[in-house]
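Colleague: Now for the letters of each chain:
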Amino acid sequence: MAEPSGPTALIRLRVDGRDREVEVDVRTTLLDALRERLQVTSPKKGCDHGQCGSCTVLLDGRRSLSCLALAVAHDGAEVVTAAGLGSPDDLHPVQQAFLDHDGLQCGYCTPGQVCSVVGMLDEVAQGQPSHVTDDLSGETGAVALTDDEVRERLSGNICRCGAYAGIVAAARQAAETTEAVR
Amino acid sequence: MSTAEPITTRAVGTHHDRVDGPLKVTGQALYAVEHGTDDGITDPVVAWLVGAPVAKGRVLRIDAADTLRHDGVVAVVDHTNAPRLVETDDAELAILQDDRIHHRGQIVAVVLAETAEAAREGARLMRVHVDEEPHVAALDDGGLAAPDEVNAGHETDWADGDLDAARSAASVVVEQRYTTPHEHNSPMEPHAASAHWDGERLTLWDSTQGVHPVAKTLAPMLGLEQDQVRVRAPYVGGGFGSKGLPHSPEMAAALAAMTLPGRWVRLAVTRQQMFALTGYRTETRSHIRLSAEPDGRLLAVEHDAVSQTSAHKEFVEQTATAARMLYAAPARRTTHRVAALDVAVPSWMRAPGEMPGVFAHEVAMDELAEACGVDPVDLRVRNEPATDPETGNPWNDRRLVECLQRGAERFGWADRPAEPGTRTDGDWYVGTGVATSTYPALWMPGNATRIESRADGRYAVGIGAVDIGTGARTVLRQIAADALGVEVGCIDLAIGDTSLPVATVAGGSAGTGSWGTAITQAAQQFRADHGPAPEAGLHTVATTESYPDMENHSLHSFGAVFAEVRVDRWTGEVRCTRLHGTYSVGRVVNPTTARSQLYGGLLMGLSGALHEDGVRDPRFGHTVTQDLATYHVAAHADVPQDLSAEWLDESDELVTPYGGRGIGEIGIVGTAAAIANAAWHATGVRVRDLPLTADRFL
Numbered sequence: 021m022a023e024p025s026g027p028t029a030l031i032r033l034r035v036d037g038r039d040r041e042v043e044v045d046v047r048t049t050l051l052d053a054l055r056e057r058l059q060v061t062s063p064k065k066g067c068d069h070g071q072c073g074s075c076t077v078l079l080d081g082r083r084s085l086s087c088l089a090l091a092v093a094h095d096g097a098e099v100v101t102a103a104g105l106g107s108p109d110d111l112h113p114v115q116q117a118f119l120d121h122d123g124l125q126c127g128y129c130t131p132g133q134v135c136s137v138v139g140m141l142d143e144v145a146q147g148q149p150s151h152v153t154d155d156l157s158g159e160t161g162a163v164a165l166t167d168d169e170v171r172e173r174l175s176g177n178i179c180r181c182g183a184y185a186g187i188v189a190a191a192r193q194a195a196e197t198t199e200a201v202r
Numbered sequence: 095m096s097t098a099e100p101i102t103t104r105a106v107g108t109h110h111d112r113v114d115g116p117l118k119v120t121g122q123a124l125y126a127v128e129h130g131t132d133d134g135i136t137d138p139v140v141a142w143l144v145g146a147p148v149a150k151g152r153v154l155r156i157d158a159a160d161t162l163r164h165d166g167v168v169a170v171v172d173h174t175n176a177p178r179l180v181e182t183d184d185a186e187l188a189i190l191q192d193d194r195i196h197h198r199g200q201i202v203a204v205v206l207a208e209t210a211e212a213a214r215e216g217a218r219l220m221r222v223h224v225d226e227e228p229h230v231a232a233l234d235d236g237g238l239a240a241p242d243e244v245n246a247g248h249e250t251d252w253a254d255g256d257l258d259a260a261r262s263a264a265s266v267v268v269e270q271r272y273t274t275p276h277e278h279n280s281p282m283e284p285h286a287a288s289a290h291w292d293g294e295r296l297t298l299w300d301s302t303q304g305v306h307p308v309a310k311t312l313a314p315m316l317g318l319e320q321d322q323v324r325v326r327a328p329y330v331g332g333g334f335g336s337k338g339l340p341h342s343p344e345m346a347a348a349l350a351a352m353t354l355p356g357r358w359v360r361l362a363v364t365r366q367q368m369f370a371l372t373g374y375r376t377e378t379r380s381h382i383r384l385s386a387e388p389d390g391r392l393l394a395v396e397h398d399a400v401s402q403t404s405a406h407k408e409f410v411e412q413t414a415t416a417a418r419m420l421y422a423a424p425a426r427r428t429t430h431r432v433a434a435l436d437v438a439v440p441s442w443m444r445a446p447g448e449m450p451g452v453f454a455h456e457v458a459m460d461e462l463a464e465a466c467g468v469d470p471v472d473l474r475v476r477n478e479p480a481t482d483p484e485t486g487n488p489w490n491d492r493r494l495v496e497c498l499q500r501g502a503e504r505f506g507w508a509d510r511p512a513e514p515g516t517r518t519d520g521d522w523y524v525g526t527g528v529a530t531s532t533y534p535a536l537w538m539p540g541n542a543t544r545i546e547s548r549a550d551g552r553y554a555v556g557i558g559a560v561d562i563g564t565g566a567r568t569v570l571r572q573i574a575a576d577a578l579g580v581e582v583g584c585i586d587l588a589i590g591d592t593s594l595p596v597a598t599v600a601g602g603s604a605g606t607g608s609w610g611t612a613i614t615q616a617a618q619q620f621r622a623d624h625g626p627a628p629e630a631g632l633h634t635v636a637t638t639e640s641y642p643d644m645e646n647h648s649l650h651s652f653g654a655v656f657a658e659v660r661v662d663r664w665t666g667e668v669r670c671t672r673l674h675g676t677y678s679v680g681r682v683v684n685p686t687t688a689r690s691q692l693y694g695g696l697l698m699g700l701s702g703a704l705h706e707d708g709v710r711d712p713r714f715g716h717t718v719t720q721d722l723a724t725y726h727v728a729a730h731a732d733v734p735q736d737l738s739a740e741w742l743d744e745s746d747e748l749v750t751p752y753g754g755r756g757i758g759e760i761g762i763v764g765t766a767a768a769i770a771n772a773a774w775h776a777t778g779v780r781v782r783d784l785p786l787t788a789d790r791f792l
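First to last, the protein sequences are chains V and C.
When you read off a place in the first sequence, starting at 1, and then add 20, the result is the number in the working numbering.
When you read off a place in the second sequence, starting at 1, and then add 94, the result is the number in the working numbering.
Isolated chain V (complex conformation) (with noise of 0.2 Å):
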């Protein structure tokens, strides 16, 4: 793709471990920035809108959407996708669950739902209530990771295709091999 044309920002962002500067339109999405400029396309365009969540990546650590963010806004700011989680060859232990638990089909959400389930299992492992937790103080500590945790934390992101069985197994399978890691 050309060079952007209208006001720019030269922005500095690292990427699956990679430094990378970029010159972005102003208008740019963080996901636009991935996707069209570093040609990153582990995350996708399902909406644009910030309605399925496949465009997740992880943000400073945290589960983020990347077609709701501004890409100038997060100059400096470190971004792991799925492609930086693992590889083909050098899976994730989240990964690995959802081939385990066949937690996908057509696969275009997947990245997504792959970033939104390490990001939640670190939520749950900070204590952080959601709406179906029992005492939503978030002063008890950690949650109980029930399929119900699972399936509301998880609700930001859509699979059309149905794979929610396999995910949530998946997650559940993942809370217990990374309980085991960390």
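If you are wondering where the hints come from, they were derived from the structure by calculation, not from laboratory data.
Treat the hints with care, since some could be wrong.
Said to hold, decoys possible - Here's a subset of chain C near chain V, in silico, CB distances under 8 Å, partners left out:
#1 113
#2 117
#3 119
#4 130
#5 134
#6 280
#7 281
#8 332
#9 647
#10 697
#11 730
In this text the structure is predicted, and so the values were computed from the model without any measurement.
All residues carry an ideal CB built from backbone N, CA and C; glycine is no exception.
Since the structure of chain V is already known, use the hints to place chain C on it.
Modeller: What follows is chain C alone, placed relative to chain V:
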């Protein structure tokens, strides 16, 4: 060899990992507009579609002065300068050829720019001046007519027996109207294509369910030979029918590329544009009348279906066809009427016809069970036909009764109280419901496969099939391995490219069967040509013209869906907490990918039952619910705590040489009825209109 012979299955029927899983979970699988320099795509221009601002009329003038002045905009393609099409019979695809506006959102211009931001801003700056004409966009305002035929070539009307006699002999009658709303396929990957024209050849990386069908459709319209159009689709982010036929965005990409020879054009439809440009399931209205004996035995089935289509291009949902074969009855009448409106063109959505039609029929059956005081499972068993009521043919192996009985056992149906509204759990009314599912075993001729021996006992198998997430890439290797009598690991499968032998669409639950038959035939021909231990470099190509015995048998799959539904007594909130399907689908090739597909169907059925509601504003002719915040599809939290699917252990070699039938669609059929029936059982409130929203129960 004129057709394939049944094969001995070894790999077929067993678990194999989804072969593209590692690429997909790491985001390395590339979709239509993600290909870059590795695939020879450098410096692409970005295309942005501009839609018609009115539902009907004429484009007077497209003022693109501001657009063209915007930095980065390269060109604007509209009806005044677009390449001329040679054929324009397919009105949906014949875009940018004249000034006519047939529906709101129809493509009237394409902005091409160096960046997505510039293309989008360029589109915003464009002024489309129109002469608006009165339009009709509501089903109630359209005149109903009988179409020549309905989708999939079914007869518009079909009747049998002495209806008047059956009606007058009936002791019990259920006569009701059932409706389903506009539904939108909404695959997660919006329709998209990368296109390139070098003056001789058009190349597309397309998000499609069929690469050859796209080339075959576009080439003659563009005045090209089919081999001048190369279409590739290695990974496709879902389709559910909406990518089964090419739609106007693909033509826009082609015309844009031909406007800028030598440059790649990337066109991604926005989520909002999908609601106008990529097909949808029309709303349906079913008038059902069931006439029965006191014990529930049917004397007559009447299903009169009404839907709408686009005046621009006809597509008629075959809503009443399942009523022709589902149950035994001495008399029957089925009709389809359609209103042609000034609206977007409807098309295939997962189980066209069966999904809305069986919803209506199976809720009516539940009402009949209620009226007769018969258990809903027993009612269906009681109406089992010995032969196909429509054709008189014997069934391939109709095992609906077994599905109902096994499913009932698995689900725990037996303790169900007959009376509705009698079970509660805290603030929740709890009920259970059942419905039949059915889908025909379709099969498409004309698939070809090339098999070549390689060194070390490996075989290259090529066919232009497409894996839209079904697992085709995985299961076709299993079929090829068994057809050749080798290990799955010896198969190098290539799919998704028109440079491979011709393949039909991934649709009609006929992909795996049609392609798998071609692979089998080619394998058997290869062995006949080259023996069991060929040297490397020998090859065979075979094309399949026939296999299933459709003349003498009625080929269908069946299933029974069971649902548990809870309805909050104060808020009316509806939750499906248990969902189970038992299916008879022939031999399942891969239990892992099959279960996922059946779950996907069940959940899309649940989504249709509880959430999906495409709302059109007839004043303007557009879809109001044109994004995923307003067009609700099932999310994680909507999934039942207890979701399961199982299948009967069987093999159907009348349909395919490996004994399997398609499973892509049967999961959605009947599911919405099972859930609606369960909601009635929970509350005593009978809802006959989808979706079952909370307000219906208050």
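Colleague: Determine for every hint whether it applies to the structure shown.
Modeller: A quick look at each hint next to the structure:
With a least beta-carbon distance of about 11 Å to chain V, the hint placing residue 113 of chain C at the interface is violated under the 8 Å criterion. At a threshold of 8 Å, the smallest CB-CB gap from residue 117 of chain C to chain V is about 6 Å, leaving the interface hint in force. Hint on residue 119 of chain C holds. Least Cβ distance to chain V is approximately 4 Å, under the 8 Å limit. Interface hint at residue 130 of chain C: satisfied, since its Cβ lies 5 Å from the closest Cβ of chain V, which is below the 8 Å cut-off.
At its closest, the beta carbon of residue 134 of chain C sits 14 Å from a beta carbon of chain V; the interface hint therefore is violated under the 8 Å criterion. Interface hint status for residue 280 of chain C: upheld, as the beta-carbon distance to the closest one in chain V is roughly 6 Å, under 8 Å. Annotation: interface hint on residue 281 of chain C holds; nearest CB of chain V at approximately 6 Å, less than 8 Å. Because the beta carbon of residue 332 of chain C sits about 4 Å from the nearest beta carbon in chain V, less than 8 Å, this interface hint is met.
Hint status for residue 647 of chain C relative to chain V: violated, with the closest Cβ pair at about 31 Å, above 8 Å. Checking residue 697 of chain C against chain V by beta carbon gives a least distance of about 4 Å; that is within 8 Å, so the hint holds. The closest approach between the C-beta of residue 730 of chain C and any C-beta of chain V is roughly 4 Å, which is under the 8 Å cut-off, so the hint is satisfied.
In this structure, the earlier hints numbered 1, 5, 9 are contradicted, and the remaining ones agree with it.
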